[in-house]
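**Q** Sequence:
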Amino acid sequence: MQAAPLDNPRYYLANFDTLIDWVCQCHADLLTEAERATVDAITRLPDASRALLVRLLMRKGDHFERSQLQYPEIGAIEAACQPLITPLADSATPDGLCRHNADLSLDEMLALVTLPRLRAAFAELPRSTPKRRMHDAISELLGDVTPRPLPAWLNDPAADTLSVGLGELSRRLSLMFFGNLRQNLSDFVLSELGLLRCETVALSPASRAFTHRWEVDRYLALEQLREDWQQASERLDRTANAELERHWQRIVAALDATASAAANELHSEPSATHQLTDAHATGGRAIDDRANAWLAQRRDRLRFSLARDAERQGWHQAAARQYACLEDSAYAPRAMPRRVRALELSGDISAAHALASERLARAEITLDEQLALERALPRLCRGLGLPAPRRARAPTTPQIALTVPDLATSAADGIHGVERAAAHALATPEAPVFYVENGLIPALFTLLCWEVLFAPLPGAFFHAFHTGPADLYRPDFVSRRQAAFEACFARLKDESYRTVIRERHQQKQGIQAPFVHWELLSEELLNHALDCIPPAHLEACFRHLLANPREHRAGLPDLIQFFPEHSSDRYRLIEVKAPTDRLQDNQRQWLALFARHAIPALECRVEWLSATEASADECSRHKAPPAS
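In this text, residue positions in the sequence shown follow the numbering used here: the first is 1, and each later residue adds one.
Hints were generated in silico from the structure; no laboratory data involved.
Keep in mind that the hints are not guaranteed to be accurate.
Pairwise CB distance ranges, derived in the manner of DEER restraints [what the hints assert, rightly or not]:
hint: 1; residue 1: R480; residue 2: Q512; range: 20 to 26 Å
hint: 2; residue 1: A536; residue 2: E168; range: 53 to 59 Å
hint: 3; residue 1: R480; residue 2: A242; range: 42 to 48 Å
hint: 4; residue 1: E607; residue 2: E168; range: 58 to 64 Å
Glycine residues also receive a C-beta, built at the ideal position from the N, C-alpha and C atoms.
Construct the entire structure; sequences and hints are all you get.
**A** Written as structure tokens, this is what we have:
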């Protein structure tokens with residue numbers, strides 16, 4: 001599966017044909033007869049008509065003025081249009097793949113027509129009327145704003161539109177090919193330009209994102225709900241709280257319905273042996289042992305997002321109820337502390353305290369959730385007049401103080417950001433400092449475990465334009481590959497890991513991969529890291545990353561300093577903090593891990609030296625390396 005060369009004037013048509021062929025090969029059973037008839041009709045079109053159709057599908061919106069359609073490689077647009085507007089019997093678009101002068105709503109007309117043309121067509125309106133006010137102004141002027149063709153809106157017989165009638169089917173085909181709605185035909189172009197280089201993964205008809213049509217339906221329904229809420233949030237004035245809340249409630253009810261419908265579909269499958277729970281008792285999360293955990297995770301992500309928005313609006317009880325629905329999901333470590341906070345803000349401090357205490361008593365609690373709840377519990381105890389619980393003393397991280405020129409002075413010298421200013425102050429020829437943040441340790445993990453990450457497991461890769469496995473952040477990501485990861489970690493004990501990582505750094509340069517930023521991972525940095533960081537330290541970091549890839553991919557120290565001439569203590573990690581900065585939870589977790597495994601790390605507290613002070617006195621530098 002390759003992108004068409006860009007020297008082909010109709011490269012986009014060749015790419016579209018690739019998409020269609022793959023979907024028909026791998027997903028034909030998920031299309032209705034009418035949809036298959038439509039796809040067949042598209043493949044039988046003259047090349048010029050197919051090229052025009054694909055051009056329209058790649059553009060924003062569904063409606064286009066014919067006078068604006070100018071594509072030299074297509075030729076005569078009128079001739080290309082005719083087959084597109086011919087009715088198609090027994091297809092998903094019986095009126096034709098496109099419609100000529102279709103009825104447009106007022107909003108659709110406004111999206112299509114420029115402000116000067118609107119002013120000419122509605123000359124009765126004040127010339128100063130801005131585009132954003134045209135909807136109300138035209139509604140008031142005409143009274144009747146029922147949909148009508150563009151010539152009727154503008155009173156201009158020369159106005160002529162072509163409307164694509166394939167929006168839903170095109171969206172469905174793209175989803176079945178890519179497994180998401182983020183990607184589109186432009187990814188083919190990026191690949192051909194070399195801007196998107198992807199690892200080659202063996203694909204087969206089994207490498208498909210969906211098994212049942214209802215799964216595609218649910219995905220599209222969830223995406224529509226997300227878009228509806230996003231549009232409502234942008235459209236409705238945040239001061240119109242009551243109207244916004246009613247819309248939020250409708251979205252939540254529809255979200256619950258998608259879960260119940262999914263349960264019913266699974267229950268009706270002859271092969272389904274999945275255990276179902278009461279949808280009402282679980283707030284719509286009706287599938288316990290879910291056949292498509294991927295869809296369930298998307299539903300949970302939308303629910304979490306809706307709960308966060310409810311919090312921001314001050315609907316704390318409603319937010320708490322939505323967080324409660326996520327108790328047994330992969331989002332629980334993030335949702336339960338937020339539920340505690342929502343209960344607290346709603347005034348139910350007793351319930352918040354009980355929930356926090358119960359969650360902290362669980363043996364399987366994640367470190368992320370534990371830290372958040374331990375931070376909330378003393379406050380809840382104070383609210384109830386209870387003694388604050390004893391907290392385990394967090395391991396201390398050594399600190400140094402560093403005075404550097406302020407940001408403006410540093411920028412004038414070509415040094416941008418507090419981290420790079422600190423790196424410049426700490427570095428010596430014998431002890432180089434690199435700004436790495438989250439770009440070194442996770443990248444070393446990826447290079448070591450490359451074959452595991454790109455193994456063609458079911459549900460991991462759907463197409464050739466991937467940047468990593470689709471299940472990277474799902475709860476069973478590690479368990480499905482546990483033995484393979486252990487085999488990679490065994491290399492850390494037999495010293496072969498250095499060879500593997502160096503070879504992959506050369507062979508895979510520029511290929512998209514999780515956690516790898518190639519522009520940061522220079523050969524000099526890589527060699528210092530492999531020479532100076534003990535393999536036991538790497539293994540501890542890699543296992544921490546795998547414990548929660550989504551959360552632990554970030555929070556690593558900003559800098560790393562190497563002491564290659566020392567016989568021991570040959571590196572240290574440095575977390576840089578400006579005067580007003582504080583450590584985040586994921587940073588605290590990494591620092592705690594370093595303390596447990598004797599990984600050298602310190603916190604560098606920066607103070608600013610003004611330009612006046614800098615001219616009077618040299619910048620103080622804490623460059624002393626650890627004792628060898």
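**Q** Going through the earlier hints one by one, which of them does the structure break, listed in rising order?
**A** none
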